[in-house]
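Colleague: Residue strings, one per chain:
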Amino acid sequence: MNTKIRRLVLDVLKPHEPDAIVVATAIADHAGIDGVNVTLLETDREVQNLTLTIEGEAIDAAAIEETVNDLGGTVHSIDQVVCGDRTVERVKTPQDR
Amino acid sequence: MNTKIRRLVLDVLKPHEPDAIVVATAIADHAGIDGVNVTLLETDREVQNLTLTIEGEAIDAAAIEETVNDLGGTVHSIDQVVCGDRTVERVKTPQDR
Amino acid sequence: MNTKIRRLVLDVLKPHEPDAIVVATAIADHAGIDGVNVTLLETDREVQNLTLTIEGEAIDAAAIEETVNDLGGTVHSIDQVVCGDRTVERVKTPQDR
Amino acid sequence: MNTKIRRLVLDVLKPHEPDAIVVATAIADHAGIDGVNVTLLETDREVQNLTLTIEGEAIDAAAIEETVNDLGGTVHSIDQVVCGDRTVERVKTPQDR
Amino acid sequence: MNTKIRRLVLDVLKPHEPDAIVVATAIADHAGIDGVNVTLLETDREVQNLTLTIEGEAIDAAAIEETVNDLGGTVHSIDQVVCGDRTVERVKTPQDR
Amino acid sequence: MNTKIRRLVLDVLKPHEPDAIVVATAIADHAGIDGVNVTLLETDREVQNLTLTIEGEAIDAAAIEETVNDLGGTVHSIDQVVCGDRTVERVKTPQDR
Amino acid sequence: MNTKIRRLVLDVLKPHEPDAIVVATAIADHAGIDGVNVTLLETDREVQNLTLTIEGEAIDAAAIEETVNDLGGTVHSIDQVVCGDRTVERVKTPQDR
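Protein chains in written order, with the numbering used here: chain G, 1 to 97; chain X, 1 to 97; chain S, 1 to 97; chain L, 1 to 97; chain B, 1 to 97; chain E, 1 to 97; chain V, 1 to 97.
Simulated from the structure, these hints should not be mistaken for lab results.
Fair warning: there could be bad hints in the mix.
Below, in silico cross-link-like pairs of lysine-lysine (DSS-like), each with a Cα-Cα straight-line distance of 25 Å or less [as the list claims (entries may be wrong)]:
#1 Lys4(S) with Lys92(X)
#2 Lys92(G) with Lys92(V)
#3 Lys92(B) with Lys92(V)
#4 Lys92(B) with Lys4(E)
#5 Lys4(B) with Lys92(B)
Kindly generate the complete structure, drawing on both the sequences and the hints.
Modeller: Rendered as structure tokens:
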């Protein structure tokens, strides 16, 4: 059974510098990654709140978190993890509060 | 007639540790599973509320629940079950309260 | 003209046990069915409200209802029925109250 | 020019019996019809309000209405009619009140 | 450059009779038309408000309006016109009031 | 690098006459245009507010504006411009006020 | 690992002149770009707020910003950056505030 991570969605807090381009480029450089999407959720005077969507065949979550920390950021929460042979999308049901 | 489970959506409550990556990886390791999506619904000081979407050709629901329990979590509700030769999506109608 | 039932959407009330997996598996075992989707709409202390989406080439509605009753449930309403050579989707118009 | 009716959406009021399955099966039995979708909009103590989406190459609207009446129902309104060589969908514009 | 009309969306007011089927059939009979969709927007005691979506390779708008008038209706507004070699859909932008 | 205009969305104010059909036909007649969609946003006693979506391989914006003026209208705003080898759609992000 | 920028979404403030067409054309002229979408978000008396969606195989963000500045505008925020072998779309989760 394939337990590799195919998608990781992270909520990240980081200072204004370095900018989102540096973050995206640094993460895209990791092995096992097809692509990374860095989207700005909120900005205040000190901090930017980003959501990272990372996809690939074998994502190394610990290495990604290390890169985020190296750039001065912190992983605030792991919002979604997808493992296996194919990327399964979340199915919404009436129970989702 | 094929009565195998092709999709299972579970509402799970678990402590902060182990994290969602450990949960997703552990479940992806089960036989009969193509992939698993673990999405964070809510977090409070003690507990995380996750929604798991598990898809495959022959999901063993009892074994999945056992894995969740082994990781310190509980299955709060079975939100969706799909059985048969193909994955039938829920059709919404005006009657859905 | 093909009058076979291709899709049936049922609103079902059932006690907590047996669970939704038992219901889905039992219905998937009927002839003429490609697959069944059982989604939890609401739960209170005694009863679960499920919506069943059943699809196939020749669904036997009476047999399905019998199975629901055998499991302690009741069909609260028939929310959608699709008959014919192909599955026609409901077209919404401004008149739908 | 092909003036045949390819889709008919009818708002129908009918007593509880016969049920929606009987209505769907009876209409599917008409010539020129590929399929029929009967969806429950509302139910009160006496009457059910259904929306019927009927598709085919040459729908006989009068014959359909007759069948509805034979089953104790009435066509409350013709909500959509599509004629021609292909099924043209309604295009919504800001003017739709 | 192809200036032919490929789609016309008209807001039409008409008396209850003749019904929408007669309107759809009459318009579908025009040359240069692939299909027509007549959807009921509103009904009051005297008048029905319909939205007509007419598609083809070379729609004759004046002839269509004449047919509507012949059936006792009036074109209340031209809600959308599409001309050219292919059917261009409206792109919504934040400026649309 | 291809800097040609592939799509232009214009907010146009014009008197009631000439009607939207004349506007659409006149613009469709320009070189470099595949098609034009003219949709009515609002109407008041003197003026109509239209949104024009124009697509092609090499749209001449100045010539289009001239045609609008010739028909008694004014380009109120340029709501979207797309240039290049392929038509890039706008990506919405949480930052869009 | 491919760290090239495949998409850049920028929030830009600029004076009314030069117009959005000049901005789109100037950016489309950069190497490594397939296309650019410039959409008007808001206009007030002095300033226009645009959202730029730029896609290609190897976008030079610094050069783009320089062009925006040359045209009298400023990049107000980097709203999305996508790097890698393929364009990964942002996955929304319940955690997005």
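Colleague: Hints first: check each against the structure and report whether it holds.
Modeller: Against the structure, the hints:
{"no.": "1", "hint": "Lys4(S) with Lys92(X)", "verdict": "21 Å, holds"}
{"no.": "2", "hint": "Lys92(G) with Lys92(V)", "verdict": "12 Å, holds"}
{"no.": "3", "hint": "Lys92(B) with Lys92(V)", "verdict": "22 Å, holds"}
{"no.": "4", "hint": "Lys92(B) with Lys4(E)", "verdict": "21 Å, holds"}
{"no.": "5", "hint": "Lys4(B) with Lys92(B)", "verdict": "24 Å, holds"}
When each numbered hint is compared with the structure, no violation occurs for any of them.
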